[in-house]
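K.L.:
So the protein lines, in turn, are chains A and B.
Numbering-wise, the first sequence is residues 0 to 627 according to numbering that gives the first Met the number 0.
Numbering-wise, the second sequence is residues 0 to 627 according to numbering that gives the first Met the number 0.
For the record, the hints were derived by calculation from the structure and aren't laboratory data.
Owing to the predicted nature of the structure, the values given are computational and were not obtained by experimental measurement.
Hints may be right or wrong, so weigh each one.
Listed next, with one range per pair, are the computed distances between beta-carbon atoms [to be verified]:
| id | chain 1 | residue 1 | chain 2 | residue 2 | range |
| --- | --- | --- | --- | --- | --- |
| 1 | A | Glu-202 | B | Asn-64 | 36 to 44 Å |
| 2 | B | Asn-64 | A | Asn-356 | 44 to 52 Å |
| 3 | B | Gly-146 | A | Pro-480 | 53 to 61 Å |
| 4 | B | Leu-548 | A | Ser-557 | 20 to 28 Å |
| 5 | B | Gly-143 | A | Asp-200 | 55 to 63 Å |
| 6 | A | Glu-202 | B | Gly-270 | 43 to 51 Å |
| 7 | B | Asn-64 | A | Asp-466 | 38 to 46 Å |
Every residue, glycine too, gets a C-beta built ideally from N, C-alpha and C.
Protein chains: 2
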Amino acid sequence: MCPLYYIRKEDFTRILDAELPSIKQTQIFSVLARINTLYMIARAGSGHIGSSFSSMEIFAWVYLNVLREGDVFFSSKGHDAPGLYSVLIGRGLLEYENIHKLRRLGGLPGHPDIGTPGIVANTGSLGMGVSKAKGMVLANQLDGRQGQVYMLAGDGELQEGQFWESLLSAANRKLDQITVIVDHNKIQSDTWIKDVSDLGDLESKFKSYGWHFQRCNGNSLESLEKAINVAKTIKGKPQVILADTVKGCGVSFMESTSIPEGEVFYKYHSGAPSPEQYESATKELINKADALLKEVGMQPLNITMVEREVVVAPKGKVQKLIAAYEKALLEVGSRRTNLVVQDADLMIDCGLLSFKNSYPQRFFECGIAEQDMISQAGALALKGKLPVSHSFACFLAPRANEQIYNNASEKSKCIYVGSLAGLLPAGPGHSHQSVRDISALRGMPGLLMLEPCCEKEVAMVLDYAVDTNPNSTYIRLVSIPYEIPFVLPSDYGLKEGEGICLTEGHDAVIFAYGPVMVSEAYKAAKILESDHGFGLKVVNLPWLNAVNLEWLDATIGSINEVYALDNHLLSGGQGEIIGNAIARLALPRKVDFVQFGLTEIPECGQNQEILMYYRLDSVGLVSRILEG
Amino acid sequence: MCPLYYIRKEDFTRILDAELPSIKQTQIFSVLARINTLYMIARAGSGHIGSSFSSMEIFAWVYLNVLREGDVFFSSKGHDAPGLYSVLIGRGLLEYENIHKLRRLGGLPGHPDIGTPGIVANTGSLGMGVSKAKGMVLANQLDGRQGQVYMLAGDGELQEGQFWESLLSAANRKLDQITVIVDHNKIQSDTWIKDVSDLGDLESKFKSYGWHFQRCNGNSLESLEKAINVAKTIKGKPQVILADTVKGCGVSFMESTSIPEGEVFYKYHSGAPSPEQYESATKELINKADALLKEVGMQPLNITMVEREVVVAPKGKVQKLIAAYEKALLEVGSRRTNLVVQDADLMIDCGLLSFKNSYPQRFFECGIAEQDMISQAGALALKGKLPVSHSFACFLAPRANEQIYNNASEKSKCIYVGSLAGLLPAGPGHSHQSVRDISALRGMPGLLMLEPCCEKEVAMVLDYAVDTNPNSTYIRLVSIPYEIPFVLPSDYGLKEGEGICLTEGHDAVIFAYGPVMVSEAYKAAKILESDHGFGLKVVNLPWLNAVNLEWLDATIGSINEVYALDNHLLSGGQGEIIGNAIARLALPRKVDFVQFGLTEIPECGQNQEILMYYRLDSVGLVSRILEG
């Protein structure tokens with residue numbers, strides 16, 4: 000009993016066709032686009048409401064009233080994708096049926112990708128927008144093309160160094176073809192920007208970089224119109240419009256201004272609304288739209304209702320590695336007083352809240368500034384601290400790559416923890432699916448890499464990094480709760496480069512790591528055994544870049560069929576290391592070695608859908624193994 | 000007949016012991032330190048005179064008059080290492096004998112490393128200094144320690160985003176324990192900063208970040224004293240002192256102010272002076288010192304003279320890959336009008352001058368801003384251009400790692416060229432020895448990686464990237480001129496994943512790439528053949544991440560001893576890929592596979608010295624292969 004509501008194409012068309020003043024037309028359009036944004040997120044089960052809504056008037060005004068032939072608009076922050084899609088769909092720039100396909104395979108990716116009509120640049124980690132805008136304008140100049148580039152940046156994004164790095168040459172080259180609009184909703188992923196890493200005086204900052212600066216109300220179409228019109232008149236300078244907005248704008252109880260006194264976190268940054276929240280928000284928006292339509296003498300909306308797809312809950316016990324990590328971190332924090340924790344605006348997602356609350360002096364919130372965070376970690380380590388630095392794996396490994404190496408060159412001990420690792424969740428899309436972090440960190444001398452496969456192994460891995468390993472460690476964590484069908488032996492202990500057999504089997508052996516892949520391999524082994532009488536030995540090998548050759552030799556034994564299963568690209572993943580180790584074993588017989596994993600930048604979709612698509616689910620593995 | 004001169008310890012001691020006014024004492028000390036700096040660089044055959052000299056008064060004043068118990072000083076730019084060492088040695092903080100060991104194994108690294116007494120932070124690529132200073136101060140705060148952190152930044156370094164990223168939290172946390180001095184000599188690696196990427200109004204920039212700002216004359220001790228004294232009084236704000244300096248200050252003809260009208264490049268940024276330049280500069284400094292000593296009634300200097308070690312020139316024909324690349328780039332530029340070239344302040348070292356002069360409209364100087372450069376490249380590619388982006392491999396691969404992946408996610412075609420690749424030159428030290436770039440870029444789907452082994456192959460590789468490969472390419476270039484003992488067959492052509500045999504041999508096969516390693520392997524094969532009757536098949540395999548299995552099988556043939564030789568860390572290098580491929584071949588016999596390369600962050604030293612140290616020279620390879 001969870002109905003979902005959306006606005007049909009016809010309603011957008013009649014509003015766009017109506018002879019209405021631009022402001023009124025765009026205002027109505029924005030409310031409709033918000034209804035569909037909510038629909039898309041609720042249907043997908045995830046997405047970012049807060050910044051889709053804070054940006055809505057900007058999207059709507061730009062697409063309905065600003066863009067002319069040769070102009071482009073793109074968003075650099077990416078979280079606002081549902082809002083952007085909704086506007087593109089309402090405006091007819093993106094096939095209407097996509098409204099039902101947010102975060103689905105072959106549909107609309109969780110974050111923008113140029114494979115989608117109307118999208119002109121991919122987002123990645125934050126801060127790339129001005130650089131991309133410059134590239135577009137320089138290409139236009141070379142080809143004698145006209146056209147304004149409108150780029151929407153988040154305000155949290157302004158903590159990234161690349162943003163400021165990129166401002167200089169835009170001003171030096173007098174690129175007045177660039178207009179940056181900052182969605183200044185004042186709340187980043189975790190909480191208020193001022194509490195994470197205050198941006199200070201943005202007006203003087205932008206002006207000091209030689210940019211033309213304006214400030215406006217980004218949820219007021221009148222104010223936006225005025226600011227954009229002024230920007231158009233500026234010659235010889237790129238322009239920035241700091242658009243003050245309200246996160247969640249348009250639905251009273253989702254608006255950041257409605258956060259009660261004393262509450263720290265904003266609830267609608269990411270994730271789907273509850274059925275009650277959804278119902279209430281949509282009703283409010285429909286009423287608002289109908290009132291506006293009535294004002295201009297138009298018929299009320301013709302809402303379509305559908306039932307929400309019921310998500311089947313997993314049957315077995317679901318394990319949550321982030322929660323286990325949160326607990327383990329608190330425990331090591333209590334006994335290791337030199338341990339300090341760093342975060343880059345993902346304290347909830349990375350499981351840091353308990354530590355922060357218990358040891359606020361030893362918790363450092365660094366904001367969206369991974370490079371800065373990791374260089375600080377190195378200095379903290381040289382001064383006797385044991386820094387544990389956190390972000391999503393997709394941001395930490397590439398963005399702070401040079402800084403991690405620089406720390407390695409000082410031979411200090413640091414612990415890096417990358418969560419949201421691997422192919423899943425697949426909903427956010429390739430910017431968040433971290434499938435090359437192992438590869439990116441492979442060449443760091445002295446950096447041991449570990450990934451736990453279940454809650455129990457999480458604490459073991461963290462303890463190993465803190466207490467046993469004298470050098471630095473990278474801990475890779477899968478964030479999604481996962482149903483774990485296996486149990487680690489009670490006497491299991493970590494031994495560098497050695498794994499643990501979870502099933503016996505003499506026909507083939509498969510090496511895997513992490514909850515998703517070990518579980519899928521384990522389930523595959525059960526199917527192979529029961530349905531095909533095929534014995535697959537499943538080995539959990541949590542060491543991502545260390546394989547003990549003797550142990551490997553003994554584990555393979557007389558088996559001639561060896562598989563390696565990566566939650567990562569084949570290139571640079573664990574499987575490659577296992578293959579290399581097999582070559583070094585110089586076995587005096589033919590041993591077939593096959594790697595399973597990814598070979599391309601992954602598609603976005605639902606978790607099971609994507610796992611099946613890449614034939615990395617248990618059923619896919621079974622058939623691939625039987626294919627030989 | 001190239002005499003070198005240095006100041007003995009006793010001369011420093013008598014000046015430090017003399018009852019002189021601080022300013023006068025430091026002034027004399029600075030001149031002496033300059034003489035020894037020049038000695039160290041001339042003896043090493045390389046080093047950075049320009050910024051060692053522009054910073055000299057800052058070093059001298061800080062070490063003689065400012066630092067108190069608990070205070071630290073470090074340089075973030077690193078180029079100034081010879082000047083810094085000279086001051087540390089003169090001040091007695093670093094063992095005197097090190098004066099003879101710049102850029103030598105076991106001596107003083109080309110860029111600062113904490114293994115050297117008196118050095119408290121390693122440099123890497125630029126822009127990490129403030130982050131490190133913050134880490135130090137936060138650790139001090141946690142432990143209740145006092146102490147000021149003085150950090151010297153270069154002005155070119157202010158183009159790096161991390162620098163600005165790191166300013167925010169220093170101000171938000173009110174870290175008045177940080178004093179940044181900017182050596183504002185106005186010339187970066189290539190030329191004037193204003194012509195590379197103008198920094199604009201630095202005063203308003205720093206102030207907008209909430210820092211206390213002062214400007215002073217950084218080559219005037221009086222002015223420096225005053226500014227540092229003011230900084231000490233500032234509470235609740237980190238402070239920056241923009242110290243206007245003259246690059247090459249102290250030697251009339253090396254001073255940037257002496258660059259003739261119309262000349263673009265500054266000659267003394269890096270490299271050793273000619274014997275005539277050295278003689279003339281040293282004489283000028285000695286005369287200045289003696290005059291100052293006379294002024295205060297002290298005896299003239301007691302100069303020590305030694306003969307310069309004569310560097311033995313290679314006997315055979317030396318090939319220069321960068322020069323070959325410059326020519327090849329000009330050629331493809333002439334026939335591919337959509338090709339654009341990007342540089343990050345290394346246009347001379349990367350061989351871009353000919354292209355820039357011929358096609359100034361298609362040349363984009365991006366400054367020391369690799370992230371910004373690569374994101375611009377992606378946008379240029381989406382707009383129909385073929386961007387060829389340049390930097391040293393050690394900066395390009397890690398610093399723009401995320402941006403390269405983001406471009407890969409857009410499936411646009413980009414060409415990335417990393418020069419100064421590999422272990423050599425070993426003089427600059429680990430920050431510049433790029434031995435993990437292959438690894439860092441391994442997991443980029445659709446990125447082909449190629450390294451040419453000689454001048455002839457350079458053009459082939461670039462042509463392949465431009466004309467044949469539909470996807471993106473990383474071209475890895477060794478920068479040092481190298482004596483090439485082999486000749487590629489005249490009918491040799493590139494075929495993806497396949498190499499070329501340079502010697503016949505049936506006892507073992509070795510795979511290598513690039514001029515250094517292929518040459519050493521080739522020489523090793525000749526020694527093995529003539530001295531030991533051992534047949535080593537040497538294969539040049541320019542494909543760093545692609546091996547054709549059939550070709551590999553045929554190339555190995557019936558040989559049971561396979562070697563892979565990396566100019567890179569073993570981890571993530573080509574050898575690992577070859578090993579993995581051998582495992583996938585599933586040969587029905589025992590094949591010994593051994594990798595040669597690096598397993599640790601490399602040491603600094605002279606090229607041959609370091610190659611021998613790691614047993615990667617032909618003689619080392621011979622003995623390792625005979626060891627089996």
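K.L.:
For each hint, tell me whether it holds in the structure or not.
P.N.:
Verification of the hints:
no. : hint                              : verdict
1   : A/Glu-202 - B/Asn-64: 36 to 44 Å  : 39 Å, holds
2   : B/Asn-64 - A/Asn-356: 44 to 52 Å  : 46 Å, holds
3   : B/Gly-146 - A/Pro-480: 53 to 61 Å : 46 Å, violated
4   : B/Leu-548 - A/Ser-557: 20 to 28 Å : 25 Å, holds
5   : B/Gly-143 - A/Asp-200: 55 to 63 Å : 33 Å, violated
6   : A/Glu-202 - B/Gly-270: 43 to 51 Å : 44 Å, holds
7   : B/Asn-64 - A/Asp-466: 38 to 46 Å  : 45 Å, holds
Going through the hint list in order, the structure does not satisfy hints 3, 5.
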